Amino acid sequence: MNGRNPIWKSLIVVFATVGLTVGFVVVALIVGPDIQSLIVRAVVVMLVIFLAILFLRYFALIWFAYLGHAERNVLGMKELHELPPISIIVPAYNEGPVIERALTSLMKLEYPEYEVLVVDDGSTDDTLRIASEWEGQRGPGEFRVVTKPNGGKASALNAGIAMSKHPLVFCMDADSYVEPRTLLEAARHFVDPAVGAVAGNVKVENRGKLITKLQALEYIEGLNLARRAQGFVSAVNIVPGPVGLFRREALEEVGGYDTDTFAEDADLTLKMMSAGWRVEYEDQAIAWSEAPERWMDLAQQRYRWTRGILQAIRKRKALFLRPFPDFPLWVSTVQLGFEALVWPVMNVFAHLFFAIVALMFGAGELIVYWMILLTLLDLVAALVTVSMEEESLSLVPMALVYRFVFILFLDVVKMFATMEELFRLDMGWGKLERVAAT
Amino acid sequence: MSIVDLLVTIVVVTILVTIVLAVATYIAYKLRLAREPKPRESTRQGLSYFVRFDPPAMDADEVAMDAPNRMSGVEQNAP
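So the sequences go chain by chain: A and B.
Using my numbering, you'd call the opening residue of the first sequence number 1 and step up by one each time.
Using my numbering, you'd call the opening residue of the second sequence number 439 and step up by one each time.
If you're looking for bench data, these hints aren't it; they were derived computationally from the structure.
The structure presented is a predicted model; accordingly, all values stated were derived computationally and were not measured.
One thing to keep in mind: the hints can contain errors.
Unchecked claim - Cβ-to-Cβ under 8 Å is the rule here; a few derived chain A residues that face chain B:
#: 1; residue: S10
#: 2; residue: A16
#: 3; residue: F24
#: 4; residue: V25
#: 5; residue: M296
#: 6; residue: M346
#: 7; residue: V348
#: 8; residue: A358
#: 9; residue: E365
#: 10; residue: M371
Even for Gly, the Cβ is constructed at its ideal location relative to N, Cα and C.
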């Protein structure tokens, strides 16, 4: 995994996929009318199945998310009598342009006692110099800065955890910043001794371009909706890197972060669930994150996420055949696998198949009605989720191009990432350039 | 051309163009990755990404006091 993979291996994966598709078109053209009629019928069946799966998925997610939302708003949250002190770990590798903003947000936290530990992971820019200016500062919390040779985010987080002291550990990204009440809202979940971690709510900060607006909607409608639904059954399968609060006892029990995947957050969450800890979601624990502003950077980010998640799932492949005794863990892992592995491939080939059939066999009308139904579904889902998050309604119209452009684009990238992971091609971390958008 | 025909054209073109652009973007990303300069040998030797770090089983106060000494390669900055 050194990022020095020969380009030709990746290109073979791409051209093999394109070749298979072209092969299908050629075969469909040369077969007789009976077979072509069969193909059209198959498309109709696929359309219905695809729509049914999509509808069920949305319905289940929105229903559970609504139950979680209602539970929180009607029953309220239990309060901790005493707020335990928190250690905040900020791993940083070449985050010079953005780390100041992250640290400034930590000075404004509404929490009685916390420490901040910045772990510079061998940065080659001015990250360490900027962070060092915060060393020893005291607000509600004391700031400390350590540096170590570059070893990756997981190793930096492990180092920070080992050097910190408080019973709760908050892990965040140096390119994100948090809302003042984030710790307060997340810490309340730990009134339940079975809770090992709380996933927060990541929002896209830079929303000036179409690509970032689409990501803002995706975080709300795709990522956070799923977490909210999973949170209702205390089985959130990814505590996101920018905002996660952990019980130290749980972290130590599972041995901290593993360094053998590129999705250390998903891997750690699954480890904690395997150890019997509950993982909850807190929508008021908010972190703002800078989303990629270029399509190629977005592709890079999702490539890494997909392969990282698949690596985390691969470590637990035996779990797929064992739904019991830990059914919530099984559901979480299967859902993670479905979203990362099955759904993107299915989505890309379904769209391609439908487009080809519309062109070749004149089934265009049917496909247009199907598209209209999907778009309506997306619009409703966007409206519900944006309302739940009390977000800007200006994001809702993005749903018009969400599925046919944005999700399709991401799913193509995920599909290739999946194939590369299946063939175990090497990969690198792929550091994104940050611009500290305001 | 009827409205439905127009919608069919828009939908099909959108799908195909999106897929083609996504494949092109992916190839461009891979080419960019391949063109990135290789790390120098000395830097490579310093990489320890896959060295597992296990937090030691000590109580919280001991960890706070001893951690800097126990962390190989970790340097505490002076205030």
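| task | With chain B as the partner, please determine if V25 of chain A meets the hint condition of a C-beta pair closer than 8 Å. | result | Where the cut-off is 8 Å and the nearest Cβ of chain B is about 12 Å from V25 of chain A, the hint is violated.
| field | M371 of chain A as an interface hint toward chain B, with CB separation required under 8 Å | value | OK, holds: M371 of chain A within 8 Å of chain B, min 5 Å.
| Quick one, is the M296 of chain A hint okay against chain B at 8 Å, beta carbons? | holds (5 Å)
| request: Closer than 8 Å between Cβ atoms is the bar; does E365 of chain A clear it against chain B? Give me holds or violated. | output: holds (5 Å)
| Going by Cβ atoms only, is M346 of chain A closer than 8 Å to chain B? | violated (14 Å)
| message | Tell me if the interface restraint on V348 of chain A is satisfied: Cβ within less than 8 Å of some Cβ in chain B. | response | holds (7 Å)
| said: A closest beta-carbon separation below 8 Å is what the hint needs, so does A358 of chain A meet it against chain B? | reply: With a closest approach of 5 Å, the A358 of chain A hint holds.
| query | Would the hint on F24 of chain A stand, with a C-beta cut-off of 8 Å toward chain B? | reply | With a closest approach of 14 Å, the F24 of chain A hint is violated.
| message | Given a cut of 8 Å on the nearest C-beta pair, is the interface hint for A16 of chain A held or broken against chain B? | response | Hint violated; A16 of chain A Cβ to chain B Cβ min 12 Å, cut 8 Å.
| message | Min Cβ distance, S10 of chain A to chain B: is it shorter than 8 Å? | response | holds (5 Å)
Hint check: violations occur at hints 2, 3, 4, 6; the rest are consistent with the structure.
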